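Chains as they are written, first to last, in the numbering used here: chain A, 1 to 346; chain C, 1 to 346; chain W, 1 to 346; chain S, 1 to 346.
Honestly, the hints are just simulated from the structure, not real lab data. Model, not experiment: these values are computed from the prediction. The reader is advised that the hints may include incorrect statements.
In this list, chains with the same sequence are indistinguishable; a pair is considered to hold if it fits within one copy or across any two.
Stated by the list, open to error - Subject to a maximum C-alpha distance of 25 Å in a straight line, what follows is the list of computed DMTMM-like cross-link-like pairs (lysine to aspartate or glutamate): (1) Lys245 - Asp57; (2) Lys14 - Glu269; (3) Lys29 - Asp57; (4) Lys300 - Asp288; (5) Lys115 - Asp26; (6) Lys155 - Glu269; (7) Lys300 - Asp124.
Protein chains: 4
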Amino acid sequence: MATKPKTNNLKELKKSYLSKEVEHIDITKFNAVPIIEAMGKTAFQAKNLYRASLIFDKMIQDKDCTIILCLAGSLISAGLKKAISELIKNNMIDVIVSTGANLVDQDFFEALGFKHYQGTPFVDDNELRDLHIDRIYDTYIDEDELRICDETVTKIANKLKPLAYSSREFLYEMGKYLEKEGKNIDDSIVYNAYKYNLPLFCPAFSDSSAGFGLVLHQIQKKENSLAIDSVKDFRELTMIKIKSKETGILMIGGGVPKNFTQDIVVAAEVLGYDVPMHKYAVQITVADERDGGLSGSTLKEASSWGKVDQSFEQMVFCEATIAFPLLASYAYHKGSWKKRKPKRFL
Amino acid sequence: MATKPKTNNLKELKKSYLSKEVEHIDITKFNAVPIIEAMGKTAFQAKNLYRASLIFDKMIQDKDCTIILCLAGSLISAGLKKAISELIKNNMIDVIVSTGANLVDQDFFEALGFKHYQGTPFVDDNELRDLHIDRIYDTYIDEDELRICDETVTKIANKLKPLAYSSREFLYEMGKYLEKEGKNIDDSIVYNAYKYNLPLFCPAFSDSSAGFGLVLHQIQKKENSLAIDSVKDFRELTMIKIKSKETGILMIGGGVPKNFTQDIVVAAEVLGYDVPMHKYAVQITVADERDGGLSGSTLKEASSWGKVDQSFEQMVFCEATIAFPLLASYAYHKGSWKKRKPKRFL
Amino acid sequence: MATKPKTNNLKELKKSYLSKEVEHIDITKFNAVPIIEAMGKTAFQAKNLYRASLIFDKMIQDKDCTIILCLAGSLISAGLKKAISELIKNNMIDVIVSTGANLVDQDFFEALGFKHYQGTPFVDDNELRDLHIDRIYDTYIDEDELRICDETVTKIANKLKPLAYSSREFLYEMGKYLEKEGKNIDDSIVYNAYKYNLPLFCPAFSDSSAGFGLVLHQIQKKENSLAIDSVKDFRELTMIKIKSKETGILMIGGGVPKNFTQDIVVAAEVLGYDVPMHKYAVQITVADERDGGLSGSTLKEASSWGKVDQSFEQMVFCEATIAFPLLASYAYHKGSWKKRKPKRFL
Amino acid sequence: MATKPKTNNLKELKKSYLSKEVEHIDITKFNAVPIIEAMGKTAFQAKNLYRASLIFDKMIQDKDCTIILCLAGSLISAGLKKAISELIKNNMIDVIVSTGANLVDQDFFEALGFKHYQGTPFVDDNELRDLHIDRIYDTYIDEDELRICDETVTKIANKLKPLAYSSREFLYEMGKYLEKEGKNIDDSIVYNAYKYNLPLFCPAFSDSSAGFGLVLHQIQKKENSLAIDSVKDFRELTMIKIKSKETGILMIGGGVPKNFTQDIVVAAEVLGYDVPMHKYAVQITVADERDGGLSGSTLKEASSWGKVDQSFEQMVFCEATIAFPLLASYAYHKGSWKKRKPKRFL
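Just chain A, same shape as in the assembly:
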């Protein structure tokens, strides 16, 4: 079905590659409750997805539970932005811990008015490079637009006092910037986190478009430049754990967000606090445990570390673009969030 555009005009060729926008899936527009409940009586990953959905709904019902959403992988470029911002708007989550690509290269990028495009993995990457088109599996990005995203970060940094910031503090400034200058902010995660006072962490912040912008800032401003202190991130997130009666984590993908968030239980203990393990834990991933890596490590393994309770944990081995909209739509249409008060830590 994917055919190579036929033209020798480079501008036209690029335009033909970037012609079909990724449209963000709207979990409020379809009701996944019947299908998820039917899946719950079957087996394998369908049943695991049901149990994960149930546990997420349990987190929402539990008045004592602070809910932390962890994001890894290319989720925003893949059309999951609106599904995530609905969770913010409807008090279904209290904290987000994410990789930088999701928040800066993709969400902030779109909030500036840019788009991601539907493509195909069966394409000549050398041609894409010549056209300044970046590829993520089957989606395309205009690299020239990405450079504007980098520059905007520099601009924001240049106006801030030269202190050590947590990624959360800097992302808050990015949300504030969007309020004035953003062009497509309704479903932006960075903007909505700012608007709803929801703490947004990015423990490897420089590992993103923000990194490009901040390196440039430091080069330009020299001694008068700011720093992004990842220790401060960890300290702030640990404080949220300490202030919470219970915590639940909903993880899409693994990586740093998963490890970082699981670790705050131990960090709180190191600081002398006697906190409970994460009471609820759900992970959607395609990784598995066979290589001993953290991303695919089971939540049972995490319980040996005293990080996650085994009572309400569930791995779902499924790619997120399929599993997450179903789970989120289930929780949305169950409506338990209607009675839930947000937990605000800012």
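Use these hints to put chains C, W and S onto chain A, whose structure you have.
Relative to the frame of chain A, chains C, W and S by itself:
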């Protein structure tokens, strides 16, 4: 959530393991069209699932197309029986090629009145063995009931003339048996294939509960025993290819059914017929191409063999219990099958 | 590194694709004992590979143990033929159960004098199709030569009495044919199995190049044609289980060979024999258990079915072209086979 | 083979779990050249491993090439420490970018005199938790010892001036600490990087045992505490790219190290430098591209971003404990490093 039953009475213990039946998902009860269409504008496997659903619907719309469903993996025990039998009842498929476990150990087994049970993979397999409970990932089977299934196959074979049968012919006899003696046949694939004259092939027929029953039959009947001729299977399926203007294949899992069905294009050529490649091809699988195995080999690779056309092919890398009900519900609710006439080859 | 051949002459183009032969790895030429032993003190799959190697060596040391090798995937075209035939020649295995592609399309094919060629997966499959080149991931086959392989099977079948044969019986005839007519038989599995009286089973025999040849045979010979009775296969293999004190299985890949071989324990019981489970079991695979399929199902799961003992079982999650030569070289250089007497059942 | 220790004495029980140390594999003690070269004539991942080994050797031969090693996953606890430190000692790499767990929780931890232990994934994680034993797939760690590791980091930080440090600068201090206080430093990566002036980066430094120690430091020292500035990391690594004529990357696993290191090509451009893409790139991973995540994204995809040249890139889909020792032993025994001068940037 899964707790070990507490009792020392073995019968009670077994009963407690086998207490929650697998219930087959009903694709007519929920409408996956909105979610699949929304997924089509996103990325990764969600978009692949949309394209696969679209291609399956295209097969149904194409009046010249014989549709072959390939089944591998433990699909029936996992609650997909009703989803598959709806495809038969509504003229959405014309031929089935399957592994033996799906058809005999699981579908025929349930048609005799037995059940599969919801369980967990986190269990002591030694205890299960002592209790005569067989496990498939998170489902349980009563081994003593499986033995009755084997015996029933022997009984059927003992009444047949001692000839060489294709698996299709033998499965037809099993469907006929169910018509009289079955206890739960409404959604049985073996029964409905018999009832609707839909050819049902099992190229590795002995590799199943049928194998146990037939070995016993051959031992009992000696010279007067029948044979299952796998060449006849291949010949019959090739004849269906030859008689069809176009063919489309919908594959759940890989294995022998995938290879066998792809191969009939070549088999027809070997017999001197000039047939087109499979025009449409969709596969749902978690296997990948990295080990060079057939199950995860791409459909593009199959096109180098002249088996599958590249115009309408799609791999969906997702576990079947999640992806197949969505795809089947999409095609069901699209309703293209309402205008479709079945292609009957028997 | 892989560059597209540049020529418009089709014959030349084809030749340039088929220029670098796959060369079979020789496990006797390198000694994997030191590396496997070092891996045994590490972790993850390296340690699993060590334990698997140890268990295979244990099988060889155990005088009561019949060793069954199960083959699935494209192993011969991938250069593992010599590694497997060494196991036959040195009494390290007693029975082989395989998919048809390995034995007919690949091993018998090479024994007729044809070759597999090194290629790349990053290639235009439409061009390959036009050139009659078949692709398996990164290897190429000349399709015209494959047709000769099919025809040879027809020729062999046409000379046999029109009876129902087990795949083992037919493969024996193919070995006998090679003795006279083969052109490259030294390391052929089909030939060496014939020569050493080692039973070679192919439970889905028609699902291969043999299938093409036998369908043609049945069309040509009509009532005077032979049948391949898969029940007979199962019966014969079950008899080997019954005659063996203990059994061990070494599985490369999953699929029908894995299921078929595990099932003979139950088949023996159905026939009224009280046989032990497979005492040793090793599987090398990249499949995992998450989809409930047989190929990736754990050997612990198999123990719930009473098929495999848990004392000496090991899954190795690694692609076979890397793991199998290491394991086989380990067992070869350990030399336990030097004191082993073959178990011959023919 | 894995049996549960039988004792009620908790101390004894813990000791029995922690009785078999992980021993680091020594790539100088076995010569993988013959096996890798033999694999190069076969197919699938064996051939990919050969090509990857060849490309790594090419990097070593190329006098203009700065070689960056990227580490993700639990590699040190899995016995790969010595294999990596050999690369440092023999001038086979110039820079390391790693996750925190490898460098702090595992390497620095062992350098303090502690050990990792061989275990099994088939174990009761609740019991492990009670015993303060942490599990990584099939390895065990004494949690009480990990706390000492955290505290040591606090101790080091407390003595430093309250500035913003890159992770590289802080890791250098950790190396210096080990020189005096370390108990098992011969093969320590942190120590040897310090000793050989090899820059060691950890872009998500707080996401490790170091994070625990540094949070405690910031709480204790308040305004007089240091910060870990991840922007500085990115700046420093980008400067290394700018100063290098060519670069090659050898990646074990994906995650932040992979992304961070690929990104420096773009970062250099953002700073106005016209640098070449990474000329060589090799990745060993079990992740695949189907979920659009960075870890499994192909190096061809990276070339669309202008980060990696397609001429010398190779993915190897294999678990690292098997593939890396083979690749490293190949390069070690090829001996091209003997003529190589280290590139020192400090």
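Please sort lysine 29 with aspartate 57 into within, between, both or neither, judging by C-alpha distance up to 25 Å. Classified as both: same-chain Cα gap 19 Å, cross-chain 23 Å, threshold 25 Å.
(request) Indicate which option fits the pair lysine 300, aspartate 124 if close means a Cα-Cα distance not exceeding 25 Å: within, between, both or neither. (result) So lysine 300 and aspartate 124 pass the 25 Å test across copies only (9 Å; inside, 42 Å).
Q. Between lysine 115 and aspartate 26, at a C-alpha cutoff of 25 Å, which is it: within one copy, between copies, both, or neither?
A. Result: close within a single copy only, 17 Å intra versus 38 Å inter.
- Between the shortest in-copy and the shortest cross-copy C-alpha distance, which are at most 25 Å for lysine 14 and glutamate 269: within, between, both, or neither? Classified as between: cross-chain Cα gap 21 Å, same-chain 54 Å, threshold 25 Å.
Indicate which option fits the pair lysine 155, glutamate 269 if close means a Cα-Cα distance not exceeding 25 Å: within, between, both or neither. Answer is between: at 18 Å across copies they meet the 25 Å cutoff, but 39 Å inside does not.
### Homomeric proximity label, lysine 300 with aspartate 288: Cα distance no greater than 25 Å
Both. Shortest intra-copy (13 Å) and inter-copy (18 Å) distances satisfy the 25 Å Cα cut-off.
- Query: Within a copy, between copies, both or neither: where do lysine 245 and aspartate 57 come within 25 Å Cα-Cα?
  - Reply: within (18 Å within a copy, 51 Å between copies)
The structure meets every hint from the earlier list without exception.
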